[in-house]
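Chains as they are written, first to last, in this note's numbering: chain U, 725 to 1097; chain W, 725 to 1097; chain S, 725 to 1097.
No lab work stands behind these hints, which were simulated from the structure alone. The structure displayed is predicted, hence computed values, not measured ones. Be careful, since some hints might not be right.
[To be verified] Lysine-lysine pairs mimicking DSBU-like chemistry, simulated, CA-CA at most 35 Å apart:
1) K804/S with K806/W
2) K1053/S with K806/W
3) K806/U with K923/W
4) K1053/W with K804/U
5) K1053/S with K804/W
6) K890/W with K1082/S
7) K806/U with K1053/W
8) K1053/U with K881/W
9) K1053/W with K806/S
10) K804/U with K957/W
11) K890/W with K890/U
12) K1053/S with K804/U
13) K806/W with K806/S
14) K923/U with K806/S
15) K804/W with K923/S
Letter by letter, the chains look like this.
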Amino acid sequence: MSNIHALQCNDDLIATSGYADQNTPLIHNCWYVAARSSEVSRDLIHRRILGVDVAMYRTLAGMPVAVRNRCPHRSFPLAKGKLEGDVLVCGYHGMQFDSSGRCVNMPSMPLVPSNANVRSYPMVEKAPLVWIWMGDPDLAQEDLIPDTHWLSDPSFKSVTGSFYMKSDYVAMHENLLDQTHFPFLHPGTVGTPAYARSKLDVREEGLQVIIDRALRNSPPPGIYGVPAGIMHKPVDRLSEARFVSPAMHVAFARILDHAPDEGAPSQYRFNITHIITPETNNTIHYWWFNSRDFKHDDAEVDAFMTQASEQAYLEDVDALEWISEVVQKDAEPQFDLNFAPDKPGLLMRRTLHRLAVKESQNLYSHNKKAGEQ
Amino acid sequence: MSNIHALQCNDDLIATSGYADQNTPLIHNCWYVAARSSEVSRDLIHRRILGVDVAMYRTLAGMPVAVRNRCPHRSFPLAKGKLEGDVLVCGYHGMQFDSSGRCVNMPSMPLVPSNANVRSYPMVEKAPLVWIWMGDPDLAQEDLIPDTHWLSDPSFKSVTGSFYMKSDYVAMHENLLDQTHFPFLHPGTVGTPAYARSKLDVREEGLQVIIDRALRNSPPPGIYGVPAGIMHKPVDRLSEARFVSPAMHVAFARILDHAPDEGAPSQYRFNITHIITPETNNTIHYWWFNSRDFKHDDAEVDAFMTQASEQAYLEDVDALEWISEVVQKDAEPQFDLNFAPDKPGLLMRRTLHRLAVKESQNLYSHNKKAGEQ
Amino acid sequence: MSNIHALQCNDDLIATSGYADQNTPLIHNCWYVAARSSEVSRDLIHRRILGVDVAMYRTLAGMPVAVRNRCPHRSFPLAKGKLEGDVLVCGYHGMQFDSSGRCVNMPSMPLVPSNANVRSYPMVEKAPLVWIWMGDPDLAQEDLIPDTHWLSDPSFKSVTGSFYMKSDYVAMHENLLDQTHFPFLHPGTVGTPAYARSKLDVREEGLQVIIDRALRNSPPPGIYGVPAGIMHKPVDRLSEARFVSPAMHVAFARILDHAPDEGAPSQYRFNITHIITPETNNTIHYWWFNSRDFKHDDAEVDAFMTQASEQAYLEDVDALEWISEVVQKDAEPQFDLNFAPDKPGLLMRRTLHRLAVKESQNLYSHNKKAGEQ
Chain U
725 MSNIHALQCN DDLIATSGYA DQNTPLIHNC WYVAARSSEV SRDLIHRRIL GVDVAMYRTL
785 AGMPVAVRNR CPHRSFPLAK GKLEGDVLVC GYHGMQFDSS GRCVNMPSMP LVPSNANVRS
845 YPMVEKAPLV WIWMGDPDLA QEDLIPDTHW LSDPSFKSVT GSFYMKSDYV AMHENLLDQT
905 HFPFLHPGTV GTPAYARSKL DVREEGLQVI IDRALRNSPP PGIYGVPAGI MHKPVDRLSE
965 ARFVSPAMHV AFARILDHAP DEGAPSQYRF NITHIITPET NNTIHYWWFN SRDFKHDDAE
1025 VDAFMTQASE QAYLEDVDAL EWISEVVQKD AEPQFDLNFA PDKPGLLMRR TLHRLAVKES
1085 QNLYSHNKKA GEQ
Chain W
725 MSNIHALQCN DDLIATSGYA DQNTPLIHNC WYVAARSSEV SRDLIHRRIL GVDVAMYRTL
785 AGMPVAVRNR CPHRSFPLAK GKLEGDVLVC GYHGMQFDSS GRCVNMPSMP LVPSNANVRS
845 YPMVEKAPLV WIWMGDPDLA QEDLIPDTHW LSDPSFKSVT GSFYMKSDYV AMHENLLDQT
905 HFPFLHPGTV GTPAYARSKL DVREEGLQVI IDRALRNSPP PGIYGVPAGI MHKPVDRLSE
965 ARFVSPAMHV AFARILDHAP DEGAPSQYRF NITHIITPET NNTIHYWWFN SRDFKHDDAE
1025 VDAFMTQASE QAYLEDVDAL EWISEVVQKD AEPQFDLNFA PDKPGLLMRR TLHRLAVKES
1085 QNLYSHNKKA GEQ
Chain S
725 MSNIHALQCN DDLIATSGYA DQNTPLIHNC WYVAARSSEV SRDLIHRRIL GVDVAMYRTL
785 AGMPVAVRNR CPHRSFPLAK GKLEGDVLVC GYHGMQFDSS GRCVNMPSMP LVPSNANVRS
845 YPMVEKAPLV WIWMGDPDLA QEDLIPDTHW LSDPSFKSVT GSFYMKSDYV AMHENLLDQT
905 HFPFLHPGTV GTPAYARSKL DVREEGLQVI IDRALRNSPP PGIYGVPAGI MHKPVDRLSE
965 ARFVSPAMHV AFARILDHAP DEGAPSQYRF NITHIITPET NNTIHYWWFN SRDFKHDDAE
1025 VDAFMTQASE QAYLEDVDAL EWISEVVQKD AEPQFDLNFA PDKPGLLMRR TLHRLAVKES
1085 QNLYSHNKKA GEQ
C-alpha cells in the first residue's frame, strides 16, 4: 500500500487522475432506492433523484410506479395532480398518463397525441425498499439490484432510520469504507482504539470494494456488546465493509463468543445496510438499517440499537455536512492528502470515476448517433 | 390549427424559433403599472421593475414621480432618504433631486454639478393605477397606455387584490390565454367541463392576441352565476380574452339571460383585468380587478367575488410557481410539447420574442452609435 | 481638486483606471485583526478571513494560534476537533497538529507523514486585539502592525462594540474617509452642518491617506460635547481621519476649550479606532473602539459614549448594507459619479487597487516559477 502513501488529489487532478469527488457526474445506470415501501401508496409523492424530480404512486394492484414529475406539456408537477384508478391526471390541463407514462387522454384534444408521454422509470420493489433505475431503461436488469434479503428475512430483526444530508455521496461512501475514523468520530459507539489499529484486508470484486478485518480477543464496542449482553468480555470481531454499488454500502459484523453463557449463542450477526441515493451532487437521501440475528422481540434492544445507530450515523452526517460546507465556501481550494488507510476509499472513487467517464462517453456516442439521423 | 400540433419548443429552440420564455429579455418600451394610486403618497416607497429598483412619491401638487432608487453618487437607495417639498434628499450626502431627477443641490459642493442627475421615469396616473415607462423616454407616448376606463367608470363596481409571484410573466400570460385549464385547475370557480370543449376563435390585432368563445345555453360557472343570481339557469356566455400588452391581459365576459326574471337584467357584464409587472425574469408584481355592471352596492356580492377571484387566481399563482420551481431546479431540461389549444399562447410568445429581439437590436445600434462618437 | 470633479468610475473603468471597488481582490499581505484577545482561549473558535476559514486557540502558555480550519487529509473543520495540551486533534481521524501546524501524529499510520501539515498563520497579540497575517509569511514583519497603543494605555478609557456587516470593505473605508455625510446620515450624533462645510486638507503618507480638518469656534457635536460637559460652548475641533491600512482606520479628535471651567481640562482627546477585517468581498467583521482621555471611571460617560457610538456606526452599517444590496441586485450597473470631496476616498481606492495588482502579479510570477520546475 505504500505506493499510494502521500498521493495527492484535488479537483483538477482527480479529473485526470481518475478519482471521483463532489464534482463528478452522478451515475445513472444503477439501481437506487427511491423510497421505502411504506412511503409509496395511493397518495402521490415526489422525490428528486439524480437531479430529476420523480412522482411516485402505487397502482390499484399494488405495483409501484415512478414518472418524471413534470408534465411534458407545460411542466406542471404531476405529483400535484391526482390519481384516477391507475391513471395519473395532470392538475393543469387534465392530461392523463397510464402507469407506463403513456398519454391516454388529453381533454382539450379530440385525439390523444401520439408523442405526449411522460418518461417513466423502471421500479422494482424488494420490501421494505422500492428501487428505481434512472438511466438507460434497456440496461435495467432486475438481477443488478443488490441483495438485501436480510431486511425481509425473519431470522433477522432490523431497526431503521433516515437522514436528508447536505453532503456529496462520494464522501459518504468514502466515510463508510474508512474505519480509522471510528475511535475519533464515534468514541461512544462503534469506535474502539484497538479496532482502528487492527489489520485490514482490501480487495475488489468487479465494481465492489471489500474490506475484511478481524479483531481477536478484544472487548466489543457498545453497539454490539450491550444488546448481546457480552460487554467487556473478550470476543472475536470479524467485519466486512462492502461498497456494493453507488447506491449502497453494507457492513457485516460477526461477534464470536468462544465461551458463551449457558443457552447463549456463540455467534452474533449484525448486518448494517446504508442506502445512499444522491438527490444532487451535494445532497443525499440516506436510509440505514441495523439488522441482528438474535433477541428479535426485545423492545429494549430495539430501542438501544436505534438510539446507538442514530447517534453514530448522526456523527457521520454532521461530519460530512461540515466538510461539505468547508469545501464549498473556501476561497482557496485544497489538495487533500491521502494516506495508506485511504486505499479502500480511493479504489471506490476510481470505480465511480470510471463509471462516470463511461456514461459520459455513451451519452456522447448516443447523441452523436442521434445527430446523424 | 393542425399545423402546430405537436410542435416542440425548448430553451434553445425558442431562441431560434422565436417563442419567448422565462429566459427572454424583458420588454422595456411598454407602459407597466408601477403601483396602485393609493400606494403612491408623500411617503417614499420603492419597487423593483424590470430588474431596476424605482423610488416613488407624489409631489405636493399630487403628481406621481418615479426615479431610479440609486443615488448617482454612491448608490445609496433614495427611498431611504426624505422628501423636502418636491425635492428628494439623499440620506447619505444630502444630494437633492427635483421631480425630473435633476440635481438641484449638492451640499458639499459650492456649485451644483451639471451631470449629477438621477434617471427619472415617465409616469402617468389613470386611477386607480399609476403607469411607468422604463424604456426609451422618447417613445413614452401616453396614448400607448392600455384602456382600463371601467376601473374608474361608475357604471362598474370592482373588487381587487394582488399577489407577488415567483414565476415568469411569459408563463403567466400564457396561462391567461389558455382556458382549457379551467375545469382542471379551477373546478370550483370558473371551470366547467362544457367550457373547456367550447369552440374558440383566435385572432391577432397588431400586437394583441384575442380569443373569442361563445358557449350557448349552458349553466354559468359559480363566479358569474352566483352574484347574478342565475346559477344553474341555461344562459349564453360570451367571452373575450385579450393579451393587451406585456403589462396587461383583460377578459370580458357577457352572460346573456334570454328569460330574465321580472326586473332583472338580460345581460351581465364582467371585465377582469390582470396587471402583470415583471420584477425580474422570474418574479412578478400581479394585480387583479374583477369589475361588474350590476349590484354595485351589494357588499355580499363584493365579498363573494373577492373570495372567488382570490381562490381562482391563487390556483393560477400556485400552479405557475410550482412550474417555475420545476423548470429552474430540473437537472434535465425539457422540451415542452405544444398542442392545438396552445395556439393563442404561442402567438403571444412569438410577439414577445419579436419585441425582445427588436429592443436588443435597437440597443445594439444605439451602443454602436455611442461607441463611434 | 477640481480636476477630479465629475470623474466617473464603474466596474469596468475601475479595472483600468485603477480604483478598487467591491470586485477588487482582497489584500493578503497585511495584518488584520482576527479576534479580540478575549475571544481567543482554550476553547476552539473559527472565523472566515479573506475567504479562508481560520481555527484559533491559545496555547497553555497563552500564545494565540491560528491554523486553516480544514484538515489537510479530508477537509474536516479542525475547530470541531479538540485541544490536547497544545496539540490540535482533528475530530475525524485524530490527526494531531502542533501550534506551528506541523503534523505530530496520525493515529492510523505507523510513521508521521512528513508532508501532512496544516497551514498556520502568523499571529501577534497587541491586547485587546489579536492580529493575523494571511499572506506570504516571509513578509509578516511585526513592525507592520498598526499602532493602537491607546487601547491599552491607562491614560485612555475605551468603550467598544462590533458588527458583522454585509458590505464591501472598500465602501466602508470610503465611508470613513468621507465626512461630508455626517450631517445627513448622522444628524443626531457626529454631524453638524458647520462641520460638513469646514475646510479639509488631504495628504498621503506612504500607503496612508490622511484628512485634517479644523473647525474653529463652533459648538461640538453631542458625542464629544456631552461627555466633556461643554455642549453648546464654542470650541475648536481638530480632526484627523486616517486610512491606516486595509485593516484599520483611525480618527483623532481634539476638542480645545479656550475658556475651561475651573478645574476642567482645556483639551479633550478622542481616538476612534475602526477595525475592518474582510470576511469576503461582500462581508466584513467590524470592531470599533471609542477612547477618551478624561473621566476614566465615569460609568455614565461610558454608557453615553457606547450608546452614541453604536447609534452612529449602526447608521453607517445600515447605509453600507443598503448600498451593497442595491449594487448587487441591480439589473443595470451604474457609473457612480465622483465629486471633489471624494478625493480622500479615491486616493485610498487607488492605493488598494495598486496593492491588489501588485499581489496578483507576485502570485502570477510565483505560479509561473512553480510551474517551471
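Okay, the hints, checked on the actual structure:
no.: 1; hint: K804/S with K806/W; result: violated, 48 Å
no.: 2; hint: K1053/S with K806/W; result: holds, 22 Å
no.: 3; hint: K806/U with K923/W; result: holds, 27 Å
no.: 4; hint: K1053/W with K804/U; result: holds, 16 Å
no.: 5; hint: K1053/S with K804/W; result: holds, 16 Å
no.: 6; hint: K890/W with K1082/S; result: violated, 44 Å
no.: 7; hint: K806/U with K1053/W; result: holds, 22 Å
no.: 8; hint: K1053/U with K881/W; result: violated, 56 Å
no.: 9; hint: K1053/W with K806/S; result: violated, 39 Å
no.: 10; hint: K804/U with K957/W; result: holds, 33 Å
no.: 11; hint: K890/W with K890/U; result: holds, 25 Å
no.: 12; hint: K1053/S with K804/U; result: holds, 33 Å
no.: 13; hint: K806/W with K806/S; result: violated, 53 Å
no.: 14; hint: K923/U with K806/S; result: holds, 27 Å
no.: 15; hint: K804/W with K923/S; result: holds, 28 Å
The structure fails to meet hints 1, 6, 8, 9 and 13 from the earlier list, while all remaining hints are met.
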